[in-house]
Every structure is written in structure tokens, then in C-alpha cells.
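J.: Take a look at the letters that make up each chain.
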Amino acid sequence: MSQSGVIDQQDGALSQSRPARRRLPFFGSYTDNRRLFLFCLGAPAVLYVLLVGVWPLAQGVWYSFFDYNLLKPNRTKFVGLDNYVDIFADRSARQAILNTFQFTIFSVAIQLVLGFGLALLLWRDSRFNRICLAFLLIPATITPLVVGLIYKALLGADYGLIGYFLANAGIGPRTGLMTDGSTAPWTLILIDCWEWTPLMALILLAGLKSLPSDVLEAGQADGATSLQRFTMLIVPLMLPSIFLALVLRTMDAFRVFDTVYVTTGGGPNDATNTLMLLAVKEGLQFFNVGYASAIGNVTILFIAIMASVLIFCVRRADVRINGR
Amino acid sequence: MIKVFPTSLLCRASLVGVGFAALMASTTLAQGKPLAGVTLTLASQNDQFGAVLAKLAPKFKEDTGADLRVEILSYGELLTKTTADFIGDTKGYDLVTMDIVWAGQYAENGYSVDLTDWVARDAAELELDDIYPVILESLGQYDGRYVAFPFAAYANVLAYRKDLFEAAELAVPATMEDFVADAKALTDASKNQYGFVANGQMGPAVAQDWMQYNSQLGGSILGADGKPALNSPENVHSLAVYKELFADTAPPGAIEYDWGGREESFRQGLVAMMQTWSVGAPGYSDPAISNVVGKVGIAPAPVAAGMAPDYGVGGWGMAINADITPAQQEAAWTFIKWLVSKPIHKEFNLEGAGSFMRKSQMTDPDLLAKFDFLPVIAKTYENGNGEYRPRIPQYPELQDLLGTAVNSVLAGAEEPQAALDEAQAEAEELF
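The listed protein sequences derive, respectively, from chains A and B. Numbering follows my numbering, with no gaps: position 233 of the first sequence is 1130. Numbering follows my numbering, with no gaps: position 171 of the second sequence is 193.
All the pointers check out, no bait thrown in.
Derived PhoX-like pairs (lysine-lysine); straight-line CA-CA distance at most 25 Å:
id	chain 1	residue 1	chain 2	residue 2
1	B	Lys77	B	Lys113
2	A	Lys969	B	Lys113
3	B	Lys265	A	Lys1049
4	A	Lys969	B	Lys103
5	A	Lys1049	B	Lys213
It is worth saying that the hints were derived from the structure and are not from the lab.
Construct the complete structure from the given sequences, taking the supplied hints into account.
T.: Structure representation (C-alpha cells):
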């Protein structure tokens, strides 16, 4: 019996033992009152989401249909989808889209592989592993902007602790890893991996710790090899955790800004320009609100598409492997 | 009942007398401090002068009675926060430090109080004749109207290593051709010594430095008609020279240098020559941050052979927010007059603001004892050019286009002609 049923019965019993109360106007039955009460409980949260999430998003979509520059408010006019067309017509913006996808796909993929490896190494619960995990998480606690500044100092070809020796050893371009269009994007991916692989490992480790030990022991008893146990038991059972880690990191990586801003500024020659860098430049440097809103909306759209693709892939894998 | 207060006529008379005396005293004090009770909020760029402005705030209160709150912001923050304040009419700032290149936007959008009439009214008090004309025009005016009043002028100068030039028996370059030749002669990568350094980082850093060299090589961002002429033959030539300097004579990592990286490479002793704003010059003599103390000379920046002397001038004006009340505007104007007055501006510079702009400062014994390069700054201002970076409303977009084009040339991704052709096509759409 549902809890509400119990309360209804109690309410009925009480009403039998004493005279019925006169209901106040605008107040209905107990069920109505309960609904109203629950609505009042949820209303602040709903209001908050509407004010902080939905309203700005709707405004962003609305602005994106206008040629709206804060410095030239008198010239504001409706332009329909022109801002979106401009994004795909602009060479710099197209390059930023490609760079953002390249950065996201490669950094998240590398982090998944390395993170899974680390999680497996740290799976066994021991004091040593717990200490290792604590140290491993240090990079993830540093602000990305500071990480960018640290790596800029380390990799500089003229004074950098690493960059100077790399340049003299003939590894990478003489001008430094950040200064060449062929190495700068990969350097940024490596920096991102350094910072966020531990977080990926932590999420996957939490998944590993929650695996049912009886299933794994049964596999071992049936004579499954380590590889078989990994591919046929651990990975299928870990799919929800993998999905969570992938979605979180994909959304985060797609919005990359700080590290790029302080290391390369989007250069050389737009090789590391990203969508967020472009949006910030248009919005906060040129105050071109319409165009910046369109870039923001395109970013959200791409993130939504990537998340949908991930959900689709994980579901298909789940059906294929687990039959559910 | 106990009487707490005396009520006799004598006592009342005494109280009235004391009150009157207090009123007289406060009136006298108020006459000495006309802005008592006023608070001015100033948004300042995080240059050397920012900290000095904050340091001088108590003295301003002592002299006028007004409180001065100085908020020191990075360049990007200053632009964003103050523009948001102007657009939103939120009156967050009374005074704003205005970069020379923002003048067009300030004038076009009416962000600041037009100071033209006040400057004319108080010309004697301001001692305008003591301020270099190029500074009055380029740091404060737009189309002949004062959108701000100059308070921190910078001269583009050549900083060079005296010891390296003496060892190589070279004279300080007087022309850009000599500059290029000397930069090559002084470069020896095996000794980790380079002849030249400038900003190479994509964005404002590389755009602003190249515009300086471009001007000295005879190029110009705008044509005679005021429209962009980014791909003129002179500009293409100067970009080719800039690339040559980077390829042959700059530290390998210079392509990612902004102002900080550039200055650091010079202070660390990696580089023989660098064109820079005069505001950084005192830092070369500071042993806490410099490895080249006593080895640095400051000279006027060279120009192309046959060109009339033409030196870059930059810096900051102080603008008054047009949204604040007339009384606050008057108080803000009082602050500006106080700051640029001869004694206070001298103190401002002695404290390390590096913002020399008065003719009298160039021969002031106290200042000369501390800053021996003042005659070079004087010569620069006498032949100064504050327009080599176009002070027009479209400047931010032009700077961005050039920041990408010049960086792509330095990175070897494009040739100067192609990069500037592309930038020109986009620039034309802005006009």
C-alpha cells in the first residue's frame, strides 16, 4: 500500500472520530493540498532552473538572430540565421570547430585509455594505492589557467625547463612546441591529459569498486583468462561508469578555453583556436553579442549531438554485450 | 527627577556658542577641502601607474577631502568592465583610464564627458603649454574634442645592450636598415645571444608591435582616404622585414612572446636590441628583476633611411564617466587637474609611474637623476606620432585581423602579400 493510501486512511479515521473541519476557501481536498504542498517544495528549484538556465539560454537563442553589438546598439537588426551562416563561412571559425573536435576526441580518448589503466592498477584496496591515488589527483585540483601558465613556462624554447632541452636535443621545432602549427594542438592535448586523466581514473575506479565480486569470482572459477575477464566481464559491467566518465569529460573538453588562452592565444595561425576562444573574443572583446550567442549555441548543439552519439553507442554496446 | 541637561539661560547660551564655533570651524575646514564627503572610484589599467595612483589616494584626500578608490584591472578586464558600466549606465566608475586606441569608441558612443570646455576654462591651471602637443592630441582628443585628459604618456624607444655594441664595435642604429644589419651581426645562436626581439604571439601583442615597426619602415594601416590599406606595398615590405628579423635574429621562442615575454628576454640578457615603451626602461636597472643592470642604453627608435623622424607615442588618458551626476563629474575633473598638476605629476613619476608628459619634467634635476633617459623621451615626443595605430572605432577589429595575419606569416603558414590581402578583404567590410 502506498504511503499516501495510509495517510488517506488515517485522515478518514480521524474525520470519523471528530466533526469535519470547515474547509477554507481556495483549499480543496487533502490530495489537492498535498499536491500544492509538493508543488511549493519544488517551485524554488524549478524557478531557479528557469531563471539561471532556461531564461539565459532562451535569450542567447533570441540574440543569435540579431546583428546586435553592444557598442553599436542603434544598428541592431533582425538577421535570421545569418550569424549561423557566418560561422560556417568564416575560415577562422571553421578552423576553430575542427580544432575543438580534434582536441575533444583525442584528449578524451587518450584519457579514457590511460584512466582505465590507472584505475585497474589502483583497483586493489591497499594503503599504497590510496596514497598513489591522492597524489595522482593533484593535477586535477589545479586551475586550468594556472596549468596553462605552468606549461607555458616549462615548454618555452628559450628558458623553459623542458622546452630548452627539447629544442637543443632537436626534438620538436626549434621555436618550441607551442609555436608550430603541427605540434601546438598535440601539446595542448597532452597538457589536458596530464590534468584530467586522474579524474577519469577516479570515476572509473569508483565503477570498478562497485562491480559484483561474485560474478568476477565465477568467471575466474570457470577458467576465464585475465583478458577474457576484462573484455567479457569488466568492460560490459563498467559501461555505465565509462559512459558517465566519457560524457563528463567530453562536455568539459569541448568547452576548453583557459589553457589555450594563456598558452597560445589560439595561434599559431589559428592552429589552436577553439569555439570558446572565438566566443569570448567576439563577446567580450568586440561586444558582438549576436554572433557570440550564435557561437555559444553551436557549441551547445555540438555537445548535445556528441552526448547523444555517446548514449546511442553505449546503449547499443549494452544490448549487444548484456542483452538488455 | 534628575536633570541630565542644564537648562539655565547661561548654559543654553554657552551651548549655542560652542555649536556656532564648531560650525565656523567645520566651514573653515570645508573651504580647505572642497570635496569632503565625496568618493571617486577609478578603474585603472594594471600598468606601473596603477599602484602609484593607489599610493597617492591618501594625499588626494588630504588635499581635497575626497576619497579615491582605485580598482586595478588587467587590460581585458578594464575594457570589459568599463564598457559594461558605460552601456548599462550603472555608474560603477567615476574615472576610467582610457587607452589611446579606445578614443574612437569613446567619442562615437559618448561614454565619457566631453572635457573640451573645461580644458579651455582651466587652461592656465593645467599649464597646457608645458605638455607636448602630440600628447594632448593623441592621448586625449578625438576629432579635436577631449574625450579624456592625458596623464600617462609613453614613448617608443630603442633599448640596446651597450656592452654588446661596444664589443662588436657597432654604432647604435640610426636607421631601420642599420637596425636589421646590427641585429644580424649581434646574433650568435651558439652563444644563446640574439640581435632582436619583438612580440610574436597571435592577437594584440604581435599586431601592436608590427604596427610600430611598420610605421618606422614607412607603412601605414590607413590610406589617405581613411580607409584600410593593409596590403599596400609598403606594408607588405615591412611585414617581410619583420619576418626576416624573427627568422634570423630573434630568440627561437619569440613567436609566442607577448609584452611580458619580450621584456623578460631582454632583462635576462638574451637579446641585444628591443623597441619598447619607455615605461619599462626603469626595470632594466633593477637588480631584482634584471640581469643587465648598467649595460642598457636607451636611444630614439630608428626609422627607414630618408624618412623624417617619426616616433611612436602611446599611453593613457583619464576619462570621466558621462553617466555620473554633474557634481561627481566636477569632482572627477578636480582629481584630473590635481593629478596632472606639475608637483603631483612629478611625484607620480618619482614614485615609478613612468608616465612623463610635461616638458618641464625632461629637465627636472630630481627626475633626471633617477631617469637619465628623459632626453630621449623628449626627442621622441617632439617628433611623436600617436596615430600609427589608428584611433578609430574599428581599431579592435583591425588589430585582431592584423594579429592573425602577422602571426601566420611569422609561423610560416602564409606569405606577407597573401596574409595582408586576406586581412584587407575582411577589413574593408568594417568600413
